Amino acid sequence: MKYKPYLYLAPALLVLTIFFLGGLVFALLQSFGYFPVLGLTQFTLKYYLLVVKQKEFMASLTFTLYIAFVSTFLSTIIAIYLANYMVNLKQKNKVIDFMYKLPIAVPHIVAALMIVFLISQGGFLARIFINLGVINESGQFPPVFYSRNAIGIITIYMWKEIPFITLMIYTVMKNIHGKLNDVAATLKASPWQVFFQVTLPLSMPSIISASAIVFAFSFGAFEIPFLLGATYPKALPVWAYYNYISPDLYNRPIAMVITIILTSVCVMLVGLYYLFMKKYLRQWG
Amino acid sequence: MGVSMDKKQLVHKIIVMIFFILLMSPFLILLLWAFSKVWTAGSIFPHDWGLRGWQYILNPQNKILSVIGTSIFLSLAVTLVATIISIPAGKALGLYDFPGKNIVEILVLAPIIIPPITIGMGIHVIFIKYGLVDTFLGVLLIHLVVVMPYGIRIFASVYKAMGLKWEEQSKILKANNWQRFIYVTLPFLKPGLITSGILMFNVSFSQYFLTFLIGGGKIVTLPLVLFPYINSGDRVIGSVISLIFILIALIFMFIIERVITDPKQKSSYYYL
Amino acid sequence: MTKKLRKLLFILLILIIVLPVAGCGNDKGEVLEEDVLEQDWDLIVASAQGTTVNFYMWGGDDRINSWVDNYVSQTMQETYNITVNRVPMDAPEFINKLLGEKQVNRQKGSIDLLWINGENFRTARQAEMLWGPFAEKIPNFNEYVDTDALDIAFDFGFPVEGFEVPYGKAQFAFTHDTARVSNPPRSSSELMEWVKANPGRFTYPEMPDFTGSVFIRHLMYELCGGYEAFPYVEEVNIEDLNEQLQPLWAYLNDIKPYLWRQGETYPSQIAQLDQLFTDGEVDFTMTYHPSRFSGMIDQGLVPDTVRTFVWDQGTIGNTHFLAIPFNAPNKGGAMVLANFLMSPEAQISKYDPTNWGDMIALDINKLEEKYIQEIESTDLGIATLSAEELANHRLPEIASAYIQVIEDLWRDNVIKE
Chain A
1 MKYKPYLYLA PALLVLTIFF LGGLVFALLQ SFGYFPVLGL TQFTLKYYLL VVKQKEFMAS
61 LTFTLYIAFV STFLSTIIAI YLANYMVNLK QKNKVIDFMY KLPIAVPHIV AALMIVFLIS
121 QGGFLARIFI NLGVINESGQ FPPVFYSRNA IGIITIYMWK EIPFITLMIY TVMKNIHGKL
181 NDVAATLKAS PWQVFFQVTL PLSMPSIISA SAIVFAFSFG AFEIPFLLGA TYPKALPVWA
241 YYNYISPDLY NRPIAMVITI ILTSVCVMLV GLYYLFMKKY LRQWG
Chain B
1 MGVSMDKKQL VHKIIVMIFF ILLMSPFLIL LLWAFSKVWT AGSIFPHDWG LRGWQYILNP
61 QNKILSVIGT SIFLSLAVTL VATIISIPAG KALGLYDFPG KNIVEILVLA PIIIPPITIG
121 MGIHVIFIKY GLVDTFLGVL LIHLVVVMPY GIRIFASVYK AMGLKWEEQS KILKANNWQR
181 FIYVTLPFLK PGLITSGILM FNVSFSQYFL TFLIGGGKIV TLPLVLFPYI NSGDRVIGSV
241 ISLIFILIAL IFMFIIERVI TDPKQKSSYY YL
Chain C
1 MTKKLRKLLF ILLILIIVLP VAGCGNDKGE VLEEDVLEQD WDLIVASAQG TTVNFYMWGG
61 DDRINSWVDN YVSQTMQETY NITVNRVPMD APEFINKLLG EKQVNRQKGS IDLLWINGEN
121 FRTARQAEML WGPFAEKIPN FNEYVDTDAL DIAFDFGFPV EGFEVPYGKA QFAFTHDTAR
181 VSNPPRSSSE LMEWVKANPG RFTYPEMPDF TGSVFIRHLM YELCGGYEAF PYVEEVNIED
241 LNEQLQPLWA YLNDIKPYLW RQGETYPSQI AQLDQLFTDG EVDFTMTYHP SRFSGMIDQG
301 LVPDTVRTFV WDQGTIGNTH FLAIPFNAPN KGGAMVLANF LMSPEAQISK YDPTNWGDMI
361 ALDINKLEEK YIQEIESTDL GIATLSAEEL ANHRLPEIAS AYIQVIEDLW RDNVIKE
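Residue numbers (the working numbering), protein chains in the order written: chain A, 1 to 285; chain B, 1 to 272; chain C, 1 to 417.
What the hints contain is simulated information worked out from the structure, not anything from laboratory work.
Predicted model, so just to flag it, every value in this text is computed and none were measured.
Treat the hints with caution; some may be incorrect.
Stated by the list, open to error - Restraint-style ranges between C-beta atoms, simulated for each label pair:
#, chain 1, residue 1, chain 2, residue 2, range
1, B, Pro46, A, Asn136, 20 to 28 Å
2, C, Ile382, A, Leu125, 32 to 40 Å
3, C, Lys108, A, Tyr274, 41 to 49 Å
4, A, Leu40, C, Gln107, 17 to 25 Å
5, C, Ser386, A, Pro36, 50 to 58 Å
Each residue gets a CB set at the ideal place from its N, CA and C atoms; glycine is no exception.
Could you put together the complete structure from these sequences and hints?
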């Protein structure tokens with residue numbers, strides 16, 4: 001009987017070990033220059049040094065971190081606000097309840113397409129401004145795509161992430177609200193106090209979990225920065241990809257180095273985030 | 001005190017309304033483009049309405065219909081296999097304590113945190129070596145990796161909420177395994193089946209990079225067709241493909257909720 | 001579910017996953033490539049009946065895709081009972097794919113026919129990724145092509161040696177809207193003046209897009225001593241080349257602040273530049289196919305005031321080709337398709353701007369009278385320059401060995417701060 005859980009886990013573990021761990025391990029090996037098919041069997045750190053020394057590396061890393069932090073932070077704040085609003089409604093608003101979940105069903109690239117149609121320099125908003133005489137030509141509309149401010153990319157992420165985080169924290173918040181609202185009311189606490197001292201801390205675990213997932217996603221995402229990013233710097237996943245498809249085969253280990261660094265930074269940040277938040281929660285008792 | 005409360009509520013209400021207008025506006029633009037024929041630069045509304053985009057989609061020479069079929073079939077297969085694997089895995093994590101549980105939990109959750117490009121690029125050469133590239137099976141396997149964590153997580157919470165007592169009770173009442181599953185476990189699993197089914201289908205259906213890399217151009221799914229239209233190309237066609245994309249995702253959500261939901265059970269827990 | 005049933009399912013699952021993986025392994029089966037080259041052409045055609053040919057080609061132009069999906073697919077189906085499966089993939093990507101397959105010695109690949117030229121052909125040949133030589137087996141190659149011509153026997157200076165067959169010819173041209181710009185710049189100095197007078201209205205695709213790449217080569221010819229200053233070499237010395245190209249980098253950095261987005265970012269592909277042009281965000285775009293815009297005018301995709309033009313010094317022309325990978329599963333079928341694409345009928349259909357507008361790769365002296373008449377009566381469209389004007393302004397490409405290096409140096413000198 002003791003092996004029962006292992007049996008249940010076996011198929012899942014099989015798939016995950018072979019394909020997930022396998023992929024990770026092979027990426028790691030190749031990043032150390034272990035490439036038997038190319039004749040390279042020596043483990044070496046030279047590719048790591050090569051990558052880290054490049055100016056492009058810091059530029060890409062900073063750019064990727066910027067996009068991930070800003071979109072995650074803003075999405076989380078807005079999602080908390082929205083979830084709290086919905087939780088405080090006297091009656092469940094069916095319209096809002098349906099509408100906010102729609103973007104979750106929309107794939108990221110479709111979201112990208114729609115938002116490009118809306119806010120790019122050749123897009124709908126720009127055309128309205130031109131017709132209203134606010135600007136004379138599309139070049140005067142703020143450039144949010146293919147630009148270093150990455151506002152377009154951040155907007156696309158936020159459009160998807162706010163509903164996702166809201167969904168993940170709403171139920172939890174609602175439960176807390178249901179149980180403790182009356183208690184707080186009897187104690188004559190103001191809505192602010194209830195929110196900041198009760199609801200928020202108690203919802204923290206799911207807020208952290210949701211924002212960690214979202215951060216990891218936006219940090220490691222490839223499609224959107226590939227299509228809509230600037231020429232320089234490229235987001236880390238995009239830079240890795242260009243190295244991967246370079247006709248110079250010796251760029252392959254470099255591509256792997258970039259992905260391993262990408263992965264490590266991601267894991268580290270998420271780990272730190274969890275640790276930090278655990279400490280914070282412990283303070284609240 | 002009553003007045004200032006109302007004002008505050010009004011402000012919040014307006015903010016939320018503006019937010020929702022912003023959230024929904026991209027859909028409207030999409031609809032405008034999907035039904036236009038010619039929409040030249042600079043004008044706010046299309047010059048000509050028409051179904052040109054839809055004709056393009058329906059033209060068998062353009063193969064869009066078969067791509068849609070492939071995508072749906074692939075994602076359904078992925079969801080099915082992933083569900084079958086995730087349920088027992090979720091049970092193990094939700095109900096049992098065993099040595100190595102922590103490691104397993106990390107392994108199961110890792111694909112959500114670790115960027116898919118690392119896994120894809122890392123395993124690509126191995127897939128080539130074992131003939132898994134350019135095949136349906138290869139793409140299915142790599143999709144499983146990114147999709148399973150969600151499923152396992154959901155079923156783990158479902159089983160945890162259910163607890164062991166139901167199973168024990170029914171054992172005492174001499175129900176056999178099959179009866180136990182149908183009458184006790186399944187009703188508990190249903191909300192989880194819905195949520196995980198929708199989530200896993202969506203993740204697989206929206207996947208671009210892994211399908212592109214492992215599929216090698218032979219396995220063509222809807223995201224691959226849509227990809228070049230994001231930053232260039234005929235916006236009418238791009239919009240129609242996007243609309244179809246959204247419709248399929250919504251239809252699937254709708255179907256799965258209808259098929260699985262017990263009308264008596266109105267749980268809206270999402271178990272994430 | 002009974003324990004037994006569950007165990008059974010579990011085993012089944014393992015089998016489903018493991019068997020195909022084990023079964024595939026290394027396909028070291030004897031591929032009958034030698035035999036195909038020995039066979040009679042009629043036998044090759046007969047054996048290819050009922051098969052599918054996977055044609056991997058650049059997918060960035062909807063009109064080309066349409067022509068292949070409609071005219072080519074239909075005719076191949078009707079005439080030879082062969083299904084053409086067009087797979088859109090950029091050359092660097094399928095080169096990368098083949099590289100991976102070559103690494104693990106995958107004998108049965110998924111690509112049958114490739115659309116390729118220039119530095120990609122060179123990479124492919126150096127890595128021994130192509131099958132051949134097969135050109136002399138193709139009837140239309142022998143019958144209609146000027147096999148000794150420099151731009152047929154050499155691809156960017158690299159010897160073809162029968163490993164690819166000519167598909168079409170292209171020549172670079174600029175495009176503008178005469179309603180917006182009446183007197184476009186026709187040299188690098190005129191361009192410099194123009195961008196300074198019209199900031200933000202010009203840009204070019206970033207490297208390694210092939211149109212962007214050829215664009216800066218035009219500047220390179222004008223500023224660094226012409227194509228003669230870049231003789232054919234097998235390998236390029238990066239430092240020496242960088243020195244030689246200093247005037248080019250100086251120019252590109254000088255015009256940078258006057259470009260679209262102040263030159264801080266560039267369209268990643270030609271399709272994006274075209275989009276900027278049609279959206280009215282910039283005033284010029286570029287193309288390797290001068291008749292393309294005539295076709296687009298007919299389709300109502302651009303206004304009828306759009307015209308193409310070349311620079312006074314001329315623009316670069318090249319030939320593009322079809323090749324067969326070392327591990328193509330259907331080499332016979334690929335050859336039949338290649339033969340068809342080189343037939344006068346297909347070439348003339350391709351030449352028509354309402355389809356693609358790509359120039360004919362065949363030797364006009366070898367064509368029958370009726371084909372010559374068809375060609376001459378083809379309406380090239382109002383936006384296209386005459387064949388003579390193009391021919392009079394045609395410059396050759398330089399050795400493919402330079403291309404990648406120039407593209408890398410561009411990033412170092414112009415992009416990175």
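Check your understanding: When you take the CB atoms of Lys108/C and Tyr274/A, is the distance between them in 41 to 49 Å?
Key -> For Tyr274/A against Lys108/C, whose Cβ atoms are near 47 Å apart, the range 41 to 49 Å holds.
Check your understanding: Are Ile382/C and Leu125/A spaced within 32 to 40 Å by their CB atoms?
Key -> Holds, since Ile382/C and Leu125/A (Cβ atoms, about 35 Å apart) stay within the stated range.
**Study point:** Distance restraint hint 20 to 28 Å, applied to the beta-carbon atoms of Pro46/B and Asn136/A
**Key:** This hint holds: roughly 23 Å between Cβ atoms.
Review point. Between Leu40/A and Gln107/C, does the beta-carbon spacing fit 17 to 25 Å?
Key: Check passed, 23 Å falls within 17 to 25 Å.
Review point. CB of Ser386/C to CB of Pro36/A, is that within 50 to 58 Å?
Key: holds (57 Å)
Taken one by one, the earlier hints all hold for this structure without exception.
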